[in-house]
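A.B. asks: Turn these sequences into a full structure, and let the hints guide you.
Single-letter residue listing:
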Amino acid sequence: AALLQRFQERIDAEERIEPNDWMPEAYRRTLVRQISQHAHSEIIGMQPEGNWITRAPSLRRKAALLAKVQDECGHGLYLYAAAETLGVSREEMVDQLLAGKAKYSSIFNYPTLTWADIGAIGWLVDGAAIMNQIPLCRCSYGPYARAMIRVCKEESFHQRQGYEIMLTLCRGTAEQKEMAQDALNRWWWPCLMMFGPPDSASQHTDTSTRWKIKRFTNDELRRKFVDATVPQAHFLGLTVPDPELRFDEATGHWVHGAIDWDEFKQVVAGNGPCNTQRLERRRKTEEDGAWVREAARAFADKNSRRKAAVATAA
Amino acid sequence: AALLQRFQERIDAEERIEPNDWMPEAYRRTLVRQISQHAHSEIIGMQPEGNWITRAPSLRRKAALLAKVQDECGHGLYLYAAAETLGVSREEMVDQLLAGKAKYSSIFNYPTLTWADIGAIGWLVDGAAIMNQIPLCRCSYGPYARAMIRVCKEESFHQRQGYEIMLTLCRGTAEQKEMAQDALNRWWWPCLMMFGPPDSASQHTDTSTRWKIKRFTNDELRRKFVDATVPQAHFLGLTVPDPELRFDEATGHWVHGAIDWDEFKQVVAGNGPCNTQRLERRRKTEEDGAWVREAARAFADKNSRRKAAVATAA
Amino acid sequence: MTSIRVTETPLVTYVLRRADDALVLGHRLSEWCGKAPMMEEEMALANMGLDLIGQARALYTYAGEAEAAGHDEDALAYRRDERAYRNLLLVEQPNGDFAVTMVRQLLYAAYADPYWRAMMSSRDATLAAIAAKAEKEMAYHLRHSAEWVVRLGDGTPESHERTARALTMLWPYTGELFETDSVDDSLIEAGIAVDPASLRDTWRATVADVLGRATLTMPADGYMQKGGRSGRHSEHLGHLLTELQYMQRTIPGATW
Amino acid sequence: MTSIRVTETPLVTYVLRRADDALVLGHRLSEWCGKAPMMEEEMALANMGLDLIGQARALYTYAGEAEAAGHDEDALAYRRDERAYRNLLLVEQPNGDFAVTMVRQLLYAAYADPYWRAMMSSRDATLAAIAAKAEKEMAYHLRHSAEWVVRLGDGTPESHERTARALTMLWPYTGELFETDSVDDSLIEAGIAVDPASLRDTWRATVADVLGRATLTMPADGYMQKGGRSGRHSEHLGHLLTELQYMQRTIPGATW
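Protein chains in written order, with our numbering: chain A, 270 to 583; chain B, 270 to 583; chain C, 96 to 351; chain D, 96 to 351.
The hints are simulated quantities; they were obtained by calculation from the structure and are not laboratory data. A couple of the hints might just be wrong.
Below 25 Å or equal to it, Euclidean Cα-Cα: the simulated SDA-like pairs (lysine to any residue) are [said to hold, decoys possible]: (1) B:372 <-> D:260; (2) C:130 <-> D:318; (3) D:231 <-> D:219; (4) D:321 <-> B:450; (5) B:553 <-> C:138; (6) A:370 <-> A:360; (7) A:553 <-> D:327; (8) D:321 <-> B:540; (9) B:370 <-> D:318; (10) B:446 <-> D:327; (11) A:553 <-> D:331; (12) D:231 <-> A:336.
C.D. replies: Structure (structure tokens):
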């Protein structure tokens with residue numbers, strides 16, 4: 270109890286908790302769950318965008334998209350490493366993902382149907398991710414906070430890139446602009462859902478806030494996102510697909526219509542358009558690569574035996 | 270020897286030899302080799318054309334091409350069946366093909382690079398095949414002769430279809446006509462090689478002719494093909510890629526330039542552009558389908574045991 | 096830009112939906128060419144593919160006539176974007192192994208056979224004529240795929256397992272067969288279209304019978320995917336159209 | 096028609112050939128995205144793909160300038176037909192398994208690394224500048240693919256077998272690396288291009304060293320395939336271009 274009190278005091282003093290510091294088991298568990306979910310999201314998130322790399326409409330866009338997806342893989346790697354400082358291995362986490370026991374962001378269970386979806390994902394999905402992640406740069410757990418600083422820097426680059434794709438489409442042919450509008454229509458609501466259930470229904474917020482893992486509620490973050498994004502949509506000349514959307518002069522905030530939480534629950538429950546496909550793809554990748562990993566291990570073993578033999582002989 | 274003499278008399282009298290009739294072992298062997306090679310050619314020949322089914326430029330062409338490739342498979346089936354009357358099973362023949370021990374027509378080791386190749390194959394490859402096959406409709410071995418009658422009828426339909434594709438391209442845009450000329454440029458010489466080495470170098474012709482398996486020499490058939498095809502090329506407005514090609518007023522035949530028999534030998538030896546690909550594809554198909562064939566056998570076995578059980582019980 | 100824009104009356108939309116079903120499934124079957132597990136099956140897959148492409152051609156031609164904007168079968172097939180395609184999600188699912196292809200064919204044919212039979216009484220004479228031909232074809236597809244599903248389900252442990260997996264994977268796409276929207280409603284009212292709800296019992300009975308003989312368990316009806324009818328497809332359709340349409344996109348407007 | 100026609104001087108052809116090599120191989124590597132056998136290798140494959148796409152962009156831009164007909168990098172990449180593509184057959188071969196991809200990368204990089212090093216002394220300043228960057232990149236590709244080929248060749252019996260098979264399959268495409276024609280001859284004479292014959296010993300020594308450490312046997316030089324440089328490709332390139340070019344063929348001339 271004294272340890273716990275001391276721990277909470279450090280948190281309250283905005284000190285960073287480091288891997289070797291004492292921490293409550295529930296804090297560790299919460300972080301492992303959150304960081305690994307975040308890592309899985311990066312890895313699964315490679316798929317919807319990866320779907321357009323071979324069909325990107327210009328060499329510049331093709332290179333940028335490949336680099337972006339590569340960054341996501343890099344984020345996955347930092348985040349798995351941050352989680353590993355809490356005593357869980359990457360293999361365990363990946364196994365949980367493949368077994369369908371770990372979650373990842375539901376947004377990646379929607380399909381990318383046109384090139385404009387690549388713009389919309391950068392602009393909206395990465396935009397929403399940044400809203401969620403910027404406060405995490407000040408998260409109480411050091412390795413996570415530091416990983417998030419790097420991740421956020423790259424994400425905001427991706428977000429600008431996505432917006433620029435949208436801008437190019439909106440300044441392009443009628444067909445291109447229509448493609449952009451269509452993408453906004455399909456991604457808008459799922460992006461609002463990315464912030465999670467309304468505060469009235471959210472479970473983890475309380476302890477997470479006390480431990481400064483989380484600093485804003487779902488609804489607060491969602492509101493920030495809407496406030497930032499609606500004017501951007503207007504600048505693009507696009508219509509937000511929400512007939513109830515209105516600017517509230519009193520509060521200075523944009524107010525959106527009701528979110529279809531039923532759809533959210535279905536996607537979380539595994540019934541989104543691509544849940545099965547995403548996990549199957551990831552499983553197949555693991556399976557197809559098994560012989561390569563095995564070969565790499567066998568070679569490393571042989572090599573260390575050889576070195577040992579040389580050392581013994583010397 | 271009396272049997273052999275009687276056999277030759279029947280041949281000379283243009284009688285048909287049937288499966289249960291006596292025949293010399295060499296006659297049987299020659300026929301098995303020739304018919305199975307022919308069957309293999311039909312099956313491997315599905316690949317170059319199959320390569321364009323998913324990309325055919327109109328629904329009518331797509332359907333016609335799929336039907337054509339299906340016909341080739343059908344020809345393979347009749348021909349295997351004709352060879353089976355000589356006491357060799359389809360499985361043995363297919364195994365020989367997959368083991369790389371059996372030959373098939375070298376023409377199918379060239380790639381189909383553009384849609385015009387589908388026209389060129391119909392026009393030229395099927396055209397050459399018909400020249401080879403029409404005399405086989407009168408082949409001394411009954412089952413082969415009857416199979417060839419059916420095959421030839423369908424092939425000549427394919428040949429007209431191929432020519433019509435070429436005609437449409439040649440009457441189309443500049444780009445389409447160029448595509449047609451390019452296809453002729455690439456397929457012309459390999460098609461001349463389809464008739465086999467020049468008579469001066471051919472091995473099988475003598476006995477095959479005596480037994481009325483073969484009725485014309487390679488060079489005779491090649492000349493017929495050239496005589497039939499050159500005017501068609503001219504009608505299309507295409508240039509035959511042979512600067513030495515000339516019409517000999519004295520004989521009334523077209524005379525072509527020297528054939529690069531070195532290329533022919535390389536392709537026969539397995540070094541054509543697609544030899545490896547064609548066999549690998551066929552092997553993979555057999556491998557991928559193994560579990561299906563096994564399931565079908567297992568089901569048939571169960572079913573006959575069930576019927577037997579019912580019969581016993583009754 | 097090489098895409099066309101179609102003015103979709105209810106009839107045009109309704110016919111395009113069926114045309115897209117037939118073309119997409121026919122294209123999928125044509126992808127098997129040269130890859131079938133036995134030569135006899137090579138012939139059968141091509142036959143079924145040809146039937147479906149034939150149905151698609153008749154339906155596109157009729158959709159073009161109904162729109163009356165000069166769009167022929169090829170314009171409608173080759174020059175509409177993915178989001179304008181209106182086929183069922185079921186038919187665009189990748190071939191997978193032979194079990195997936197046969198289960199997909201069974202689930203579709205068990206619907207399409209009674210559907211076209213009912214459509215033979217459509218007040219629209221063109222659709223009734225198309226239906227008469229399509230019904231015979233789909234009866235064969237149903238028979239053929241049912242035979243295979245039984246054989247595979249009751250074959251080896253491996254084939255049973257693969258077929259069961261195919262069934263689980265494809266089941267969530269069967270709900271869409273029976274979806275209707277205002278397009279259907281107006282045409283059902285007019286006696287032009289069939290109410291798919293009236294086909295559900297037949298479909299279930301057919302599928303249940305085949306699965307029973309195949310020693311397979313009918314999946315429970317969980318959450319059902321939809322979206323194809325309004326152009327919200329899976330990621331698979333885009334890749335199919337890329338191949339299908341490449342030539343017409345490269346040299347638009349040419350005669351082939 | 097959405098294709099462009101390029102007026103090919105020797106310099107334009109020469110540069111396009113290198114640009115096509117880089118783009119096609121870069122595209123092949125990008126196909127691995129999300130499918131690599133481990134996350135670290137996901138990063139490495141993307142890196143190599145990005146290097147090659149970058150080289151392609153610089154080379155296409157230069158080819159467009161040399162042609163001076165207003166064709167930018169995208170026009171040259173997206174709107175030339177298969178028969179106008181001039182890449183080596185080696186780089187268009189499908190990814191196959193990871194062994195095929197790594198052996199292909201080794202065989203290409205063992206050539207491209209010394210090639211670009213030599214090209215740093217080209218009398219053509221643009222090519223020399225491109226070479227300086229490309230050489231560093233290809234040195235990394237060589238190191239990386241060599242490490243993998245050694246690891247796979249000397250790993251498990253399965254990985255050895257797969258790598259040996261990859262080597263047998265790809266070897267006939269290595270002869271084309273050293274082919275020259277009149278296009279090369281004139282530019283070699285002018286001090287703009289490098290004579291590939293001068294790189295053959297280095298290439299063989301590099302490959303032999305790697306294969307030796309990988310416990311693999313260097314195949315005998317049998318018949319060698321060629322044709323890529325003059326646009327006679329394998330059937331694989333067409334499918335790659337179908338995907339690569341679809342968008343630009345669908346909405347030609349748009350800005351992306």
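A.B. asks: Does residue 327 (chain D) lie within 25 Å of residue 446 (chain B) when you go C-alpha to C-alpha?
C.D. replies: holds (18 Å)
A.B. asks: Between residue 321 (chain D) and residue 450 (chain B), is the straight-line Cα distance small enough, at 25 Å or below?
C.D. replies: Answer holds: residue 321 (chain D) to residue 450 (chain B) is near 21 Å, not above 25 Å.
A.B. asks: Could you grab the alpha-carbon distance between residue 370 (chain B) and residue 318 (chain D) and see if it respects the 25 Å cut-off?
C.D. replies: holds (19 Å)
A.B. asks: Decide if the proposed pair is consistent with the structure: residue 370 (chain A) and residue 360 (chain A), CA atoms, cutoff 25 Å inclusive.
C.D. replies: holds (14 Å)
A.B. asks: Between residue 321 (chain D) and residue 540 (chain B), does the CA-CA distance stay at or below 25 Å?
C.D. replies: Given that 25 Å is the threshold and the Cα spacing comes to 11 Å, the pair holds.
A.B. asks: Quickly compare the C-alpha distance for residue 553 (chain A) and residue 331 (chain D) to 25 Å and report which way the hint goes.
C.D. replies: holds (24 Å)
A.B. asks: Taking 25 Å as the top limit, are the C-alpha atoms of residue 553 (chain B) and residue 138 (chain C) close enough?
C.D. replies: holds (18 Å)
A.B. asks: Need the status of pair residue 231 (chain D), residue 219 (chain D): alpha-carbon distance at most 25 Å?
C.D. replies: holds (19 Å)
A.B. asks: Against the 25 Å threshold, does the CA-CA distance of residue 553 (chain A) and residue 327 (chain D) hold or violate the hint?
C.D. replies: Status violated; Cα separation ~35 Å.
A.B. asks: Compare the distance between the alpha carbons of residue 372 (chain B) and residue 260 (chain D) with 25 Å, and conclude whether the hinted pair is satisfied.
C.D. replies: holds (23 Å)
A.B. asks: Is the Cα-Cα distance between residue 231 (chain D) and residue 336 (chain A) 25 Å or less?
C.D. replies: Measuring from Cα to Cα gives roughly 19 Å; hence the hint holds.
A.B. asks: Given the hinted pair residue 130 (chain C) and residue 318 (chain D), is their Cα-Cα distance within 25 Å?
C.D. replies: At roughly 29 Å apart (the allowed maximum being 25 Å), residue 318 (chain D) and residue 130 (chain C) break the hint.
Hints 2 and 7 from the list above are not met by this structure, while the remaining hints are.
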